[in-house]
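Trainee: Letter by letter, the chains look like this.
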Amino acid sequence: MPVIAVDAMGGDFAPDDVVKGVAQVSLHTEIESLLVGDEQQIQATLDRIPYNPERIAIHHTDEFVAAVDDAGTGIRHRRRTSIMVAARLVAEGRAQAVVTAGNTAAALAACARYFRTIEGLCQVALCGVFPRQTLYAGQDPLALLLDVGASVRCEAADLVRFAVMGSVYARHVSKLAEPRVALLNMGSEENKGGAVLIEAFRRLKNQPSVNFVGNIEGHGLTKGTADVIVCEGLLGNVVIKLLGAMADVVVDSAGTGRRENWRHKLGTFMLESGAGRLRELAAYEDYGGAPILGFDRLMLRLPGRANARSVENAIKVSAKAVCSGVVREIAAGVERL
Amino acid sequence: MFRRYRQRLAPAACAPIVFRWDLDKTYLKTEFDSLRELVRLPFEKAQDKIAVPGVVPLIRGLREAAVHAGREVRIYFISASPPQIAKAIRQKLALDGIEYDGIVFKDQLGHLVRGRFRDLREHVGFKLTELLSSRQTLPAAAIEVLFGDDWESDPIIYSLYADIVAGRVEDEELADALRALEVAPALIAGMRELAHKVARADAVVKIYINLERRMPLTSFRIFGPRLVPTFNYLQTAACLLQDGYLPLAGVGQVAERLISESAYTSAAVINSLADITRRGHLQPRSAAAIRAHLRARGLVQLERRSRLVAAWSRLIRWIDPRPRPVSSPPELIDYPQLVTQWQAARLEERR
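Taken in sequence, the protein lines are chains A and B. The opening residue of the first sequence carries number 47 in the numbering used here; numbering runs sequentially from there. The opening residue of the second sequence carries number 0 in the numbering used here; numbering runs sequentially from there.
It should be emphasised that the hints constitute simulated quantities derived from the structure, not laboratory data. Note that the structure is a prediction, hence the values are computed from the model and not measured. Built from N, CA and C at the ideal position, the CB exists for glycine as well.
Negatives, chain A to chain B, calculated, CB over 12 Å: (1) Ala-158; (2) Gln-185; (3) Ser-220; (4) Ile-244; (5) Gln-253; (6) Val-259; (7) Lys-287; (8) His-310; (9) Glu-318; (10) Cys-369; (11) Glu-375.
Per label pair, the in silico range of CB-to-CB distance: (12) A:Glu-76 with B:Ala-343: 25 to 35 Å; (13) B:Lys-44 with A:Ala-378: 50 to 60 Å; (14) A:Leu-73 with B:Gly-297: 24 to 34 Å.
Only chain A is shown next, with the shape it has when bound in the complex:
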């Protein structure tokens, strides 16, 4: 089984929730986790929970990047931070993938410093996952959106490469034989969205390795008609954050009844199981993270508020991706373009 380097110090609830997630993985799977962070803090958390030491290694580093740090604070040069060290360990071959719930800029900087961009790629892609309706039994309840912020603007050729990368990832991780790929646009017609999107549409339509289903509008994102949605980083970032904020509104609304008069309270009580399912669906922190694609190594990024369950899921997803050779397949796919 692969070794997954886990940035123990990244995230709002680090290191406690990260370590708890790793402990769960150690008890229930064969995956080995390499926790990177403050050894004393990590061990203090491990002491409080059941774990299997045979599947947990710790690499000590006492520096970490705070959530508020941005690229301007020189995070690229702080080589002893947990995320940088985790990426270095992967580059050295001591682990096969990184999982982090830490600062996005630091994650990208770590990838850029220690990993190599796949040959033929000009832009890497930061992916995001979001819940959507399912059209048939067994369909993955999550869709993949890329890019969500690794770049701002990009060319038509970059969007095609994103489509190839997302398609390969969905094929291996979501186990979809022919993932449906769509281009996020302001209309479903071929000639919408400006020169870049029109050109990207044309190229994707003629791309045999991608199951392109056309343009998708904002309201179609959550309908389950596409498994992989491709867009520029600026747009993707706005969309993924908006979806997250909407999920918060839905969850909050589901609980509003409790604060109202007795009739609302009774109504809320009767709808509790439905509201619970809603909360479960909207709980972004429970998802297994999204990859940064385009490098010769894999990094899975979780939202900052990731909890133990999402860390556990992310480790499992990254192990699955490593075992199925996603990076190798992406490189082959890009080469064929």
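Starting from the known structure of chain A, fit chain B onto it as the hints suggest.
Mentor: Just chain B, lined up with the frame of chain A:
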């Protein structure tokens, strides 16, 4: 260099050493989680019983090391299982090549016949009585290392026993603790009598608890540094090496068995050693010596270190190659309070 290490490790002929082992979940991988498994247990043959990975070479190694050092050694087993399964257990120990000096079973059938149903599940009174009785047959200077698990109440039984023998538990405190543990009044009276008779000595040097249930480590802090919770017998063997009861070769045999028969990987072995070192039970230099030995035997692959780091490590080991036991000064334990805390920890763990 390692020859020198081994020579200095061998303990000098001194006080007799007693290793006491619990049977179920400590020596044997007994499964009694379900009623079906419980019913099947008495009918299991010796060859069907499975030893906990690494325990067999560890017990053999402990005896061999003591004999080699010219030290009197005794190995006892204590089990809350009924004597009806004794034959299969003895056969299993013979199959494993374990030489032992005594084995005690709990007369469950007797309790059943006499209608003492409460006593069927009560192990504290039984084990403590047996330990205290057995202690009286030993030379006063004999020291003991105890092995149990986190399944029942071994940590509390062994700690109580150690402190009774050391004279650190007052008569009333003992009675209070036993009452809190719901031990039958008749047994409490018997144990108080035995506690009075036993020769006072700081005899129990270590208590090793096999974390079969993976109980959180913080649950064991209340027992003090004398009690060492371990996740596998490699960790136990490493600590025993440090205390001078097992040679490096003995640790190697445990690791070899784990790798060859229990599918342990090189990483699992290295991670286990790192874990017990982080927890402060094993000194880094002892861990380094073990890693070097395992590497020399081809059991693990270690990362290549820079020449400078490797030379520095060699120099440190050359200057003082003998691993020192981790100091574990006996702490005074408030047993009635400990019982409450332990029961709360177990309740929490079950939740």
